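Number of protein chains: 2
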Amino acid sequence: MSTLSESSTAPTVTTPVSERPIGVFDSGVGGLTVVSAIQRLLPHEDIVYLGDTARVPYGNKSPETIIRYAQQDVQFLQSQNIKAAVVACNTATAHALEAVRQSYAFPILGVVEPGVEAALAATVNGRIGIIGTTGTIQSGAYQKALLTRRPDLQLTAQATPLLVSLVEEDWLTHAATHLILAEYLAPLQAARIDTLVLACTHYPLLKGIIRSILGDEVKLVDSAENMALALQSRLKQDSLLREGGQHAGRTRIHVSDLSPHFAPLAKRFLGGRVGAIDRVRLES
Amino acid sequence: MSTLSESSTAPTVTTPVSERPIGVFDSGVGGLTVVSAIQRLLPHEDIVYLGDTARVPYGNKSPETIIRYAQQDVQFLQSQNIKAAVVACNTATAHALEAVRQSYAFPILGVVEPGVEAALAATVNGRIGIIGTTGTIQSGAYQKALLTRRPDLQLTAQATPLLVSLVEEDWLTHAATHLILAEYLAPLQAARIDTLVLACTHYPLLKGIIRSILGDEVKLVDSAENMALALQSRLKQDSLLREGGQHAGRTRIHVSDLSPHFAPLAKRFLGGRVGAIDRVRLES
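First to last, the protein sequences are chains A and B. Read left to right, the first sequence gives residues 1 to 284 (our numbering). Read left to right, the second sequence gives residues 1 to 284 (our numbering).
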């Protein structure tokens, strides 16, 4: 795998750093909801996406394995000459963000922090619910980050492991999905939350059915939208924001396994056109 | 990783080949239903199990990736000095059985063939249903094997991708599981099948709820039980069956990722005691 450090024999690159792409990775297709939000907010930016589809999902794996996979994911993005990286996967952010930050010099943003900030801004009664994969919920990452800011919060965290499969099967409005969600959300309703953090990049596609259960009075905090806002702010701060002009941002998608299911799924998550999809090898 | 061919400096092994363990692998925990069936039928045999939990599931991955993973799985089992291997994963059998058979000299059995034989023996009206992961159903492995034997069969194959998650969450009798299964099974009922092949090693745990939907008149063909019978027959034929005496078979479990969920899940699938679980590295 080629990396920046191996490019010493290449001609000097004169492109300003701000014109380099933003790297985004996820265990699979979910992170494309984050890509979609970045495309809408920062239409001039180029994006390199990596979905580790050969090893998806991360949500049921151990922290040690997730850290190893995340390091390989960021290493691939680095080889694509990125200016900043986004960990568009809640499980990987929860377990591996600190580890990858220690290994690379460019800014690396995770999805937890923006979600936490948005939840703190949204809540009025201080009762916040969190739903995510088993890995994300068990990591306690959201719970710790929220309570560090406001120790008086009342948090109800619920692992919702069946939702990823339901979203990937496109059962977004199915009676079974309603039944499963109603059961998952019951303890959060009982706790009278006024804010629900959707702590998985698959869940924005379930906003409609979640609203139909919780009602409009519960605010839904969407990882993807808040991640894009945090990225914009960080790029501005580091003078890395690409100043538009005529450039229309391009998104290139890479996956570690290319099955026939990926392209149609990617189209749904991205909410639009998916260009060429490249297969890459991440191990060893 | 040590292999048989590297053991030339070790002292000569005088143990009869029949006393070596049987190797069994699956993408995760599902293959333990096959181990459980082997333990019941062949209580004197030692078993080495490998669950590739670092990359589970295989069912949504491409044939190319599944073959690569299966080769690494069998390589690990070979290093454990096995006398025969069982691919206790329908997706891996469908895509990778031929490839791994070409790489190793010991007998390698897959779950498709025994299921096909059992279905042929069970059906009266020639209408057979098959349920499995998307990968297994799309491979057409069961359909081809059945129609090769009896071209007059009427087959209805249905991908049932949500069932693995439901089983792993232990929602075996949940209303949502009933709703999802009823929808999946409706086309099979409409086709008036008299035999249903459970083409995934997770599905034996759903027999009760499937029976409650289809009724007792539809025969359920269980991968695990038929696999154990086929293994017994093959070991006999190759003079590899361990003649009992006092030896009580031992099962050793290896996984490529050890998360806290594995042990309780393994206990449910094995239907009994789970000993020490060893973590192994499969890549590179």
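Hint data in this document are derived by calculation from the structure and do not stem from the laboratory. Note that the structure is a prediction, hence the values are computed from the model and not measured. Just to be clear, a hint being listed does not mean it is correct.
If the Cβ cut is set under 10 Å, some of the chain A residues that face chain B in the computed set are [what the hints assert, rightly or not]:
| no. | residue |
| --- | --- |
| 1 | P57 |
| 2 | T65 |
| 3 | Y104 |
| 4 | E117 |
| 5 | A121 |
| 6 | S165 |
| 7 | L172 |
| 8 | T173 |
| 9 | A176 |
| 10 | T177 |
| 11 | L179 |
| 12 | D216 |
| 13 | K219 |
| 14 | D257 |
| 15 | G275 |
| 16 | R279 |
Where a beta carbon is used, it is the ideal one built from N, C-alpha and C, also for glycine.
Going through the hints against the structure:
1. P57: At about 8 Å, which falls below the 10 Å cut-off, the nearest Cβ of chain B leaves the hint on A:P57 intact, so it holds.
2. T65: Constraint on A:T65 satisfied, holds at 5 Å.
3. Y104: violated (22 Å)
4. E117: Not OK, violated: A:E117 not within 10 Å of chain B, min 29 Å.
5. A121: Violated: closest Cβ of chain B sits about 33 Å from A:A121, beyond 10 Å.
6. S165: holds (5 Å)
7. L172: Given a least distance of 13 Å, the restraint on A:L172 is violated.
8. T173: violated (14 Å)
9. A176: Hint on A:A176: holds, closest Cβ of chain B at ~4 Å, below 10 Å.
10. T177: holds (8 Å)
11. L179: Hint holds; A:L179 Cβ to chain B Cβ min 4 Å, cut 10 Å.
12. D216: Violated - the Cβ of A:D216 stays beyond 10 Å from chain B, reaching only about 25 Å at its closest.
13. K219: violated (26 Å)
14. D257: holds (4 Å)
15. G275: violated (20 Å)
16. R279: Hint holds; A:R279 Cβ to chain B Cβ min 9 Å, cut 10 Å.
Checked against the numbered hints above, the structure breaks hints 3, 4, 5, 7, 8, 12, 13, 15 and satisfies the rest.
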